[in-house]
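Colleague: This is what each chain is made of:
Protein chains: 2
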Amino acid sequence: MKKTIITISRQFGSGGRTVGHLIAEKLGIPFYDKELVEQIALESGFAPKFVEENGEHSPGRSILSYAFASTGVPGVMNGLSTADFLWSIQCSAILQLADKGPCVIVGRNADYILKDREDVLHIFVYADTEFRADRIVRLYGESEKSPVARLQEKDKRRSVNYQHYTGRTWGAPKNYDICINTGVIGIEEAADIVVDIVNRSK
Amino acid sequence: MKKTIITISRQFGSGGRTVGHLIAEKLGIPFYDKELVEQIALESGFAPKFVEENGEHSPGRSILSYAFASTGVPGVMNGLSTADFLWSIQCSAILQLADKGPCVIVGRNADYILKDREDVLHIFVYADTEFRADRIVRLYGESEKSPVARLQEKDKRRSVNYQHYTGRTWGAPKNYDICINTGVIGIEEAADIVVDIVNRSK
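Protein chains in written order, with this note's numbering: chain A, 1 to 202; chain B, 1001 to 1202.
Check before you lean on any hint, since a few could be wrong.
[Unchecked claim] Straight-line C-alpha distance at most 25 Å; calculated DSS-like pairs for lysine-lysine: (1) B:K1026 <-> A:K115; (2) B:K1202 <-> A:K174; (3) A:K26 <-> A:K100; (4) B:K1202 <-> A:K26; (5) A:K115 <-> A:K100.
For the record, the hints were derived by calculation from the structure and aren't laboratory data.
Just so it is clear, the structure is predicted and the values come from calculations on it, not from any experiment.
Input sequences plus hints: build the corresponding full structure.
Modeller: Below you can see the structure in the form of structure tokens.
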């Protein structure tokens, strides 16, 4: 089946977001990352910043239920944690985005949420630690933590979140249609590979 | 660096061997699979059939040491199991093959053995169970065991062997430069993707 929707899962610092952006640009289709967060926020009444900070982190941070009372969102008073609530509205938003038509969706466990659609191509982008550490320092600057510790922390969070909500192992090839090491293949080249696959699919 | 040597690791039934063969054909370079087994056999004095049966299986099958006495191969009397002996001569053969020049090597843990060469591209080929089960029945016919049981047994052996000799996890993306799901991408298309990567590498 023709693949018109692309999900990108990626290790922190691998350039997966850039790969996704390039694919969307080359194919002339919408790209959802912060835009998606904004849509989630609009639906939930949460501030975009809050969603961005919690959307891909490990679950378990509970926020007192009165925090939800002001949102007016139905269901949040029924014992749902913040993380579970975010997961629910993420699912719904991603399913709706996919229904709207061709697009690229980065992160947010979209590969799992759209696993039953045959028109979706699932990509995992990764790279070795040295490549990623060098890249995050170049892009985001130094911080108190070492780049390697930052990578480990972020990947761990994504992995725990993914496992918790999907029951699957983050980064296991069977969850994806192609996994690309950008440290070896290159970021631009990774995007070209995916665009070729999409264009050749029938 | 220009990638001139390609290693293919693959799930049983995924078509990885065919992908490797197509790549070699398209690039006009040697393809090693049974040929490699034969070379190993020539070096060891083992019968090709024996090597083929044991080369990728899980270690631990011990054969009485007198079985080696007739081979005249140095070292086999020093407590090496058959599997360990096969591993040693596989390493040596694969290192020599890579030194000879551009080629495609399928299986035999070649990705690990050649991990320190920068001119090598490492591929993992996989597919979902249904695609593989259907393919092995078409290619190899029915047998007493169900196709799914045959897949599980063969993959388990490859996985245990790989873990034992490399200390790494078989099929974990970080061991490869690209992982391709032939059930979705297609066998011919997988070969084209790899040929493009090789041709573009500098």
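Colleague: Confirm or reject each hint.
Modeller: Hint-by-hint comparison with the structure:
no. : hint               : verdict
1   : B:K1026 <-> A:K115 : violated, 33 Å
2   : B:K1202 <-> A:K174 : violated, 30 Å
3   : A:K26 <-> A:K100   : holds, 19 Å
4   : B:K1202 <-> A:K26  : holds, 23 Å
5   : A:K115 <-> A:K100  : holds, 17 Å
Violation of the numbered hints given earlier is confined to hints 1 and 2; the remaining hints are satisfied by the structure.
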